[in-house]
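Order-wise, the sequence lines are chains A and B.
Quick note: the first sequence uses our numbering, first residue 1, plus one each step.
Quick note: the second sequence uses our numbering, first residue 1001, plus one each step.
Hints listed in this document are in silico derivations from the structure and should not be mistaken for laboratory results.
Warning: the hint list may mix true and false statements.
Unchecked claim - Residues of chain B placed beyond 12 Å of chain A at every Cβ, according to the derived structure:
#1 Pro-1067
#2 Met-1075
#3 Ser-1161
#4 Arg-1182
#5 Asp-1237
#6 Ala-1249
#7 Glu-1300
#8 Pro-1338
#9 Ser-1342
#10 Lys-1357
What the hints assert, rightly or not - Think about it this way: if two alpha-carbon atoms lie no more than 27 Å apart in a straight line, the pair counts; the simulated DSSO-like pairs of lysine-lysine are:
#11 Lys-1301/B / Lys-226/A
#12 Lys-1007/B / Lys-31/A
#13 Lys-42/A / Lys-31/A
#14 Lys-1365/B / Lys-7/A
#15 Lys-1226/B / Lys-301/A
#16 Lys-1301/B / Lys-1365/B
What the hints assert, rightly or not - Taking beta-carbon pairs under 8 Å as the criterion, some of the chain A residues facing chain B (in silico):
#17 Ser-9
#18 Glu-111
#19 Thr-219
#20 Gly-240
#21 Gly-257
#22 Gln-260
#23 Asp-345
Backbone N, C-alpha and C fix where the C-beta goes; we use that ideal spot for every residue, glycine too.
Number of protein chains: 2
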Amino acid sequence: MLNFSFKNSTQIHFGEGQIKALSQAIPKESKVLVTYGGGSIKSNGVYDQVVDVLSEHTWFEFSGIEPNPKYETLMKAQDLIRQHDIDFLLAVGGGSVVDGTKFIAAAALFEGEDPWDFISKGQPINQALPIGCVLTLPATGSESNANSVVTRDGNKLPFQSPLVQPLFAVLDPSVTLSLSDRQISNGVIDAFVHIMEQYLTYSVNGKVQDRFAEGLLQTLIEEGPKALVAETKNDLDVRGNIMWAATMALNGLIGAGVPQDWSTHMIGHELTGAYGIDHARTLSIVLPAVMKVCAKEKREKLLQYAERIWNLTEGDDDSRISRATELTEQFFKTMQVPTRLSQVDLGETEIDGLIEKLTQHGMVKLGEQSIITPEVSREILMAAL
Amino acid sequence: MLNFSFKNSTQIHFGEGQIKALSQAIPKESKVLVTYGGGSIKSNGVYDQVVDVLSEHTWFEFSGIEPNPKYETLMKAQDLIRQHDIDFLLAVGGGSVVDGTKFIAAAALFEGEDPWDFISKGQPINQALPIGCVLTLPATGSESNANSVVTRDGNKLPFQSPLVQPLFAVLDPSVTLSLSDRQISNGVIDAFVHIMEQYLTYSVNGKVQDRFAEGLLQTLIEEGPKALVAETKNDLDVRGNIMWAATMALNGLIGAGVPQDWSTHMIGHELTGAYGIDHARTLSIVLPAVMKVCAKEKREKLLQYAERIWNLTEGDDDSRISRATELTEQFFKTMQVPTRLSQVDLGETEIDGLIEKLTQHGMVKLGEQSIITPEVSREILMAAL
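Bound-form chain A, shown alone (with noise of 0.2 Å):
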């Protein structure tokens, strides 16, 4: 195992209901911005419910934080903070809301001259606005982790601070219900693939990361699947199983002590850079086929995954991986997302444009081992047609 520092600080508060928790969870004297996306939280009912609780706090509002939450948008909300001396921020949404809050939390308190210098400059973040957050949409993590990435100009760019992690995110399944398949589909498939990203590389012998991870991901390839069709979707076990999976899979504690890849993750960015693609359906596309160009480098744990996660147990070793990567697909497919590029219209001719967008961004080393060149980059693509 390798050495490790983990923390998690958020303070969950989970199950239906449990929005009551806002009323002691923020500081009664503050002033409160709630933050939120599209609006969708007001057709669903869980703007009414986080009014309703915030009766006696004195608070504000601003909403259009979009998916990619962009800079000129977040950038708005300043002049709201400081004309009503903002002390809290409360976001309410899915993880674009989080991430976007953060970047505002961290904006509203910086010192120098433009807060994207603390982002594209790496300027350090000395102070930042308390947030909590009320998830609508398991899937990115972002409710217990310290990271947020921010678009600006087209560049999709992470920042981390400790000072950004929310102190507390409510976690209630009932409000899932309200999602589309797409949106319950994207999440599965994002939370699977951060899980795959700290798991499929090669072995440190960290018995608990590995056998934390294989639990979350049997948890998604079970629950996911029930939340897509009719007499299961609405289970609300089989909603808080896929929320707390969603959140364990990207709060440090299955990468704390092992090797991490995120390799997906990169390609999958220039995916939704240049095509828009939902950024799960970029990861759908593009995990098997680094499943399969880096058979290899993965060997030992891919031949885990295939028995521990797909009772694969007879056969040669290729024989099994190959299985275990089909069978990857298949769970795919069963929700419902792309796994080809040749599926979102993509084909041979635009491989060398991504492959330069990969490269303008630096990222030409990729991997746990850093061996993935543009070079691997192409085979993988390839291998996605």
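Since the structure of chain A is provided, determine the placement of chain B on it from the hints.
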């Protein structure tokens, strides 16, 4: 799944050499009291490592915290704390040292007459000195939870407060290499039963919790015996996997959102109280008997445990359950702990006295369904003969 609120704010510094993290983790201006037990940290080199790392801190020391730490011992630290304006406690040892230090931390700032009142009368703990710890024996989980057990006049009583949860815990597997086989065995069994108390109840369909609990059980079953045989006992991965599993076993995570039992612990406490049997060795005696006597109530989870932990898929339900119980006892035997009262020289004649103690201590409705009355406890003890 049940509703829950969960947070774990202890910063873990895991791995060989992580004692060096102390120099940053404890504020430089602190006046530190290093607390420890009988002096094993002096013979195994941990004391010297701590002294080296604290070279720029002002620190004092308090030793002699015994197993099942006593109120009288712990109160002796209070003079030292006042005399030197101590404002930070560093516990260096196993679960008893950490538990005892938690009491010292809360007692130092207690505003009532006698600090024992926050245990015996449930008086609130409003403040406590900050605590860090260097764990030397993986077992209790006290290094990253808010719980403590302290003994006064033969009464072994628990208290808990988020204010006494350690701010950080150094988990360096190499410091466990000097432990005796008996200490290692006891630690593995303690952690194993902590997991079982949160797992072997009735199902609420908490899939992540179940998978995590099972993953920890599997880790201990695989790695525990290796720590007792010459070829593998000095393998730092073996020690590391046990250490991380023991911490995760009782940091609140696997018990969040699921029912909990704890009858094995409560019955076991009486065996320790009356006969001084090592805590873990009471658990290895009582748990198999609980599995037998409560097989009906725990049926669904026992079948799941049989299949997922012991790969038992053939035969009827009863035979799989009974085989799983046998295999659990077999594992305990491999770990060199007793599984029957007769092995610690106790017999039927002692049972009346134990039941009387349980009743005196209010332990009359134990278990996840509160149906383990003193009569059922008697059945359990009879089954453990």
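Status of the hints after comparison with the structure:
1. Pro-1067: Non-interface label stands for Pro-1067/B: nearest chain A Cβ at 27 Å, farther than 12 Å.
2. Met-1075: holds, 32 Å
3. Ser-1161: holds, 16 Å
4. Arg-1182: Consistent with the label, Arg-1182/B stays out of reach of chain A, its closest Cβ about 23 Å off (over 12 Å).
5. Asp-1237: violated, 4 Å
6. Ala-1249: violated, 10 Å
7. Glu-1300: holds, 14 Å
8. Pro-1338: holds, 27 Å
9. Ser-1342: Holds, since 34 Å exceeds 12 Å.
10. Lys-1357: holds, 36 Å
11. Lys-1301/B / Lys-226/A: holds, 22 Å
12. Lys-1007/B / Lys-31/A: Holds: Lys-1007/B and Lys-31/A sit about 25 Å apart, inside 27 Å.
13. Lys-42/A / Lys-31/A: Since the Cα atoms of Lys-42/A and Lys-31/A sit roughly 21 Å apart, the hinted pair holds (cutoff 27 Å).
14. Lys-1365/B / Lys-7/A: violated, 36 Å
15. Lys-1226/B / Lys-301/A: holds, 22 Å
16. Lys-1301/B / Lys-1365/B: holds, 21 Å
17. Ser-9: holds, 5 Å
18. Glu-111: Violated: closest Cβ of chain B sits about 24 Å from Glu-111/A, beyond 8 Å.
19. Thr-219: holds, 4 Å
20. Gly-240: Hint holds; Gly-240/A Cβ to chain B Cβ min 5 Å, cut 8 Å.
21. Gly-257: holds, 6 Å
22. Gln-260: It is violated, given that the least Cβ distance between Gln-260/A and chain B is near 16 Å, above 8 Å.
23. Asp-345: violated, 36 Å
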